[in-house]
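Peer 1: What follows is the residue order along each chain.
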Amino acid sequence: GENVEQHPSTLSVQEGDSAVIKCTYSDSASNYFPWYKQELGKGPQLIIDIRSNVGEKKDQRIAVTLNKTAKHFSLHITETQPEDSAVYFCAASKGNYGQNFVFGPGTRLSVLP
Amino acid sequence: NAGVMQNPRHLVRRRGQEARLRCSPMKGHSHVYWYRQLPEEGLKFMVYLQKENIIDESGMPKERFSAEFPKEGPSILRIQQVVRGDSAAYFCASSILGEASEQYFGPGTRLTVT
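Order-wise, the sequence lines are chains U and R.
Per this note's numbering, the first sequence starts with residue 1, numbered consecutively.
Per this note's numbering, the second sequence starts with residue 1, numbered consecutively.
Since the hints were made in silico from the structure, they are not lab data.
In this text, a Cβ means the ideal position worked out from N, Cα and C, and glycines have one as well.
One or more of the hints may lead you astray.
Claimed, not checked - Residues from chain R shown here face chain U by an in silico Cβ test under 8 angstroms; the list is partial:
#1 33
#2 41
#3 45
#4 48
#5 52
#6 65
#7 91
#8 102
#9 107
#10 108
What the hints assert, rightly or not - Counterexamples of contact, computed for chain R against chain U with all Cβ distances above 12 angstroms:
#11 14
#12 37
#13 64
#14 78
Input sequences plus hints: build the corresponding full structure.
Peer 2: Okay, here's the thing in structure tokens:
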């Protein structure tokens, strides 16, 4: 089955700097890759996603890149702010009807003021 | 437009009791997924349901756990004879379509077994 790895497990950056989180997946049939942000005591919130027919997607300060050949995808956050502090999860799905998500173990991002 | 709703938000049960977790999907969503999250870990898939059907329960333990999504009312995850290892956060997600569509998560139910 699918296996998703995520690095780093913790990341601290100064406010205004960029943060990059990387994930790798094992199943070449996976074709949908969402990213979730989870704040303490809350449910995961979808922040951006990418499908396998696209190499890069951007939404304001957040961008995701996908390398299908290498089977890895990355989340990029620019101009980080203290409110970006949270746990971020990547996930992979085969995208067929009803396929569940396989999540990475998470990255705890701390943005220091 | 209300998001995914889960209740209760916190549930305390003694070993051997039953736990019932409820999930109401977003309006217009007919697909429900249940995930379990242990402390400091990622989410693990448990079960995927459509109205009145269990589509995939490959992530759910064979014993003591069951799930349903009736024609009317919320989806329910039921854990019988709870043990301390069942203590976790249980999240429900819903989607409008099954095929590679976005899943939106509820706030979760934090189950503590004493």
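Peer 1: Please go over all the hints and tell whether each is borne out by the structure.
Peer 2: Do the hints match the structure? See the list:
no., hint, in the structure
1, 33, "holds, 6 angstroms"
2, 41, "holds, 6 angstroms"
3, 45, "holds, 4 angstroms"
4, 48, "holds, 6 angstroms"
5, 52, "violated, 15 angstroms"
6, 65, "violated, 16 angstroms"
7, 91, "holds, 6 angstroms"
8, 102, "holds, 6 angstroms"
9, 107, "holds, 5 angstroms"
10, 108, "holds, 5 angstroms"
11, 14, "holds, 24 angstroms"
12, 37, "violated, 9 angstroms"
13, 64, "holds, 21 angstroms"
14, 78, "holds, 19 angstroms"
Checked against the numbered hints above, the structure breaks hints 5, 6 and 12 and satisfies the rest.
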